[in-house]
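Student: Residues per chain are reported as follows:
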Amino acid sequence: MNLLWLQSGGCGGCTLSWLVSEHGPLFRELADEGVEILWHPSLSEAGVDEARELIAQCADGRRALDILCVEGSLLRGPQGSGAYHRFGGGIRPMAEWVRQIAGRARHVVAVGSCAAFGGITAAGVNPTDACGLQYDGELDGGLLGSHFRDSSGLPVINIAGCPPHPDWITETLALLAHGQLGGSDLDDYGRPRFYADQLVHHGCPRNEYYEFKASAAKPSDQGCLMEQLGCKGTQAHADCNQRLWNGEGSCLRGGFACIRCTDPGFRGAGSRLREHAEGCRHPHRPARRHAQGLVRRACRPVKVGDPGARARERPGRPPVAYAPGQAWRK
Amino acid sequence: MPADALVLVPRICGICSVAQSVAAALALADAAGSSPPPNGRLAANLTLATENLADHLTHFYLFFMPDFARADYTASRWHAATVERFRAIAGSAPNEVLPARARFMQMMGLLAGKWPHTLAVQPGGSTRPLQSSEIFRLHRILRDFRRFLERTTFGCRLEEVAALSSRNELSAWQQQAGGGDLRPFSAHRRRSRLVASRAWQRPIHELRVLSRSRGAPVSRRVLGSTIPATRYHPDQRRHFPCLVCGRRFAATSGERRHSADGR
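So the protein lines, in turn, are chains A and B. Residue numbering for the first sequence follows our numbering, starting at 58 and increasing by one per position. Residue numbering for the second sequence follows our numbering, starting at 64 and increasing by one per position.
Possibly wrong hints are sitting among the right ones.
[Unchecked claim] Some chain A residues well away from chain B (every beta-carbon gap over 12 Å; in silico):
| no. | residue |
| --- | --- |
| 1 | Glu107 |
| 2 | Ala121 |
| 3 | Cys315 |
[What the hints assert, rightly or not] Restraint ranges, calculated between C-beta atoms of paired labels, are given here:
| no. | chain 1 | residue 1 | chain 2 | residue 2 | range |
| --- | --- | --- | --- | --- | --- |
| 4 | A | Gly210 | B | His202 | 31 to 39 Å |
| 5 | B | Gln239 | A | Gln292 | 57 to 65 Å |
| 6 | A | Ala121 | B | Ser228 | 37 to 45 Å |
| 7 | A | Asp89 | B | Arg104 | 37 to 45 Å |
| 8 | B | Arg104 | A | Pro184 | 56 to 64 Å |
| 9 | B | Arg210 | A | Asp244 | 41 to 49 Å |
Treat the hints as calculated values from the structure; they're not laboratory data. Values in this document were obtained by computation on a predicted structure and should not be read as measured data. Where a beta carbon is used, it is the ideal one built from N, C-alpha and C, also for glycine.
Make a model of the complete structure from these sequences and hints.
Tutor: Next comes the structure, spelled out in structure tokens:
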């Protein structure tokens, strides 16, 4: 299967994340899976000038394209012209190229939360009128419209994440190359279920702290990061704590809160983080003030290098069972 | 809100994500009149240095050298060898370098949780306290990377490359036997402005310092509505705007939390 990769409003971090794939040489693995890169703006030898002809061929159907990968959100502004990003200095806006090629490609893949939902590029007042391929935040529509289906009947495949894990990208491409990715393998937001069916909470090494409601008060503390630092791992769809990042990492293992970057609403942690940190509490917690008292008692400062030494047992108080799927109460 | 900067700023660029994070964190720390504890500074610097080193490698092997494999250079005598070695995607170098780079970036898994776009670098230091075994693992990764550089990139010990201080020394070094990818590059292309980088020394130095002082705190709370301890007299009661929500609250000492007692 051949693959064309286009970049628009984004940071290029998805490509860079992809390149730290840890299963041997990435390009060889792609070749083994039968994926051939026709053109990629950072990785291919051909510059934009040489690629323009190739892209024109893909757009008008002279060249059959199997997988179109789009990284970065699509810029519709100003005034709906798309002129904020014209491909390679040409006249036609990138959004227009993408719309045309998507209509002909066998599969359309949005790599990263920007291409999927608009992401960071659409944050704030969204001056460039950025959106995702098939979503604009939580609203379906986006550039291609909610009714878009590729020639095999699939919607846009959203490898959401900021950035996505390298394996999410490689495995999605491999599944497509083997014809193994069907509509039932995508979740409600078009994300491949092999990673989006999990929660970041699953496999989080801080789960015991969560269950015993021992919360960290500041970064680098031990303890659950949800209550005071606004971690959204219990709601974030991704397998980050089961399929680790860069060897043995993940956001939670790095000591900072999950910001739910695979979520359609992800446009920076900002207001949502604050709202969460102020309004959240553990499930089953009767009242916030009471909870804080508990936390202060349960989470006395723990010295770095002294893992789990103190303040973890609270005799007489049975652990509250984790109730997956339980709705949040504000 | 100020804390947003740590999420938004690294996403300016996916290549130099941590460099952006560090800039944002420094700006926020400056605004708050705070500074990280020594170990936090070391951990953040180490994170930055790791990205910096990886970027040198990425730039050389993936973004820069493939250009010399283009047909424009067919007439040059080094062209055939360059095509075999550096051609984009299919060359032998990219396929050798990517696994070494991925192995090296495991430093980031330990130091920063993930790369790119980490939130481990904070105005108050780093969110990631390193245990002694983890520092050992960092050393191990760094040793692997050093071996890769000495065998594949430079064809000599790192100290030799780092000691090159002039153009003449560089030319003399190019003439020596030893192989490596950099030597023929500089010999054939006369990139005379290339200066040997000492960037590799920095993580080694900082790891050394970090190993000596393990167990000390790596983070000071700056953004999570704590007041920087250094700026105010501990007994002085004054109002301070919470850096997360902007509400002012009365504070007496450095470690008082905004919401804990409801003031």
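Student: Against each hint, give a clear statement of whether it holds in the structure.
Tutor: How the hints compare with the structure:
1. Distance check for A:Glu107 against chain B: the nearest CB is about 10 Å away, which does not clear 12 Å, and the non-interface claim fails.
2. Every CB of chain B is more than 12 Å from the CB of A:Ala121 (nearest about 20 Å), matching its label as outside the interface.
3. At roughly 10 Å, the least C-beta separation between A:Cys315 and chain B is not larger than 12 Å, which violates its mark as non-interface.
4. In this structure, A:Gly210 and B:His202 break the distance hint of 31 to 39 Å, their C-beta atoms being roughly 52 Å apart.
5. The hinted range of 57 to 65 Å is satisfied by B:Gln239 and A:Gln292, whose Cβ atoms lie roughly 59 Å apart.
6. For the hinted restraint 37 to 45 Å between A:Ala121 and B:Ser228, the CB-CB distance of approximately 56 Å leaves it violated.
7. Between A:Asp89 and B:Arg104, the C-beta spacing of about 44 Å keeps the proposed range 37 to 45 Å intact.
8. In this structure the hint that B:Arg104 and A:Pro184 lie 56 to 64 Å apart at CB is violated, the actual value being about 36 Å.
9. Evaluation of the 41 to 49 Å hint for B:Arg210 and A:Asp244 yields a pass: the beta carbon distance comes to about 43 Å.
When each numbered hint is compared with the structure, violations occur for hints 1, 3, 4, 6, 8.
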